[in-house]
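Peer 1: Sequence:
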Amino acid sequence: MPISLSDLPASRTESDGAAVVRVLSYNVRSLRDDPAAVARVITACAPDVVLLQEAPRFFRWRKKLARLATGSGLVTLSGGATAAGPALLCSLRATVERTEDVLLPPTPGLHRRGFATAVLRFGAARLGVLSCHLSLAEEERRAQGALLLDQLAALDVPYAVAGGDLNERPGGRTFGRLAERLQDGWAVAPWGGEHTSTAAGPRQRIDAVFATEGVEVLGCGVPAGLPGVDPADLTAATDHLPVLAAVRLPAG
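Residue numbers (our numbering): 1 to 252.
Bear in mind the hints are in silico, worked out from the structure with no lab data behind them. Fair warning: there could be bad hints in the mix.
What the hints assert, rightly or not - Straight-line distance between alpha carbons at most 20 Å, and here's what the computed SDA-like set of lysine to any residue pairs gives:
id, residue 1, residue 2
1, K64, S91
2, K64, D233
3, K64, A81
4, K64, R32
5, K64, P35
6, K63, S91
7, K64, D101
8, K63, D101
9, K63, G73
10, K64, R29
Work out the full structure: start from the sequences and follow the hints.
Peer 2: Next comes the structure, spelled out in structure tokens:
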């Protein structure tokens, strides 16, 4: 059974050096709908890290991304046009070790994709993070899923999370492969809502947060009903619902 909305743990550093970190994955559709509503949703979720998809990547994209970060009480880490859409934001609680934007091999006639990645520290705990937006085309999506796993390994950290818009439901081959190699947050510790698309009438789960072995998933799901999250903002902000996860990272 899903845990109560009020039970999702808050961010904290524990006495043994472990850290509870809140990770939010959100497709914001290039902020074409209501950027202020996006910022309010992010703020209400109180994340330490935000994995964005379809971040602004054209005219004045850096300024638009910076404005979203400021409006959410966060800072910009990486991504946007340099990652073909995925981007990362974080709170001042995180210490940034490094960032890298990765462009994936292009397929003629299809939108180019990429990953936004970083390695962060929360006290004595280190965490690799990756934001992705996989292809609408099945074969390209499968190849990108394999590259996602390779990129997580290349971060060379014991604990990592990856999240994004997979453009595929859990029964799909790419989603299934990721869930075999990683922990699917909703499947491990369901919390809140399940379906992410569309925001106005959610009927499918195509957005997810995954974690590597050793990360303890405390709760993961759509924060609809979370105190402070206005349902009107969720439908006005963009065409996807966000996925919020709380994870516990061992120290060191």
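Peer 1: Does each hint hold? Answer for all of them.
Peer 2: Here's how the hints hold up against the structure:
A hinted pair counts as satisfied when its Cα atoms are at most 20 Å apart, and K64 with S91 qualifies at roughly 18 Å. Between K64 and D233 the CA atoms are separated by roughly 19 Å; this keeps the pair inside 20 Å, and the hint holds. A threshold of 20 Å between alpha carbons decides the hint, and for K64 with A81 the separation of about 12 Å falls inside it, so the pair holds. Only pairs whose Cα atoms come within 20 Å are accepted, and K64 paired with R32 is accepted, the gap being roughly 11 Å.
For the given pair, K64 sits about 9 Å from P35 by alpha-carbon distance, which is consistent with the 20 Å threshold. The hinted pair formed by K63 and S91 meets the criterion: a straight-line CA distance of about 18 Å does not exceed 20 Å. For the hint pairing K64 with D101, the CA-to-CA distance comes to about 18 Å; that is within 20 Å, so the pair holds. The hinted pair formed by K63 and D101 meets the criterion: a straight-line CA distance of about 18 Å does not exceed 20 Å.
Under the criterion of a C-alpha separation no larger than 20 Å, the hint pairing K63 with G73 is consistent with the structure, at around 15 Å. Note on K64 and R29: the hinted pairing holds, with a Cα-Cα distance of about 13 Å set against a maximum of 20 Å.
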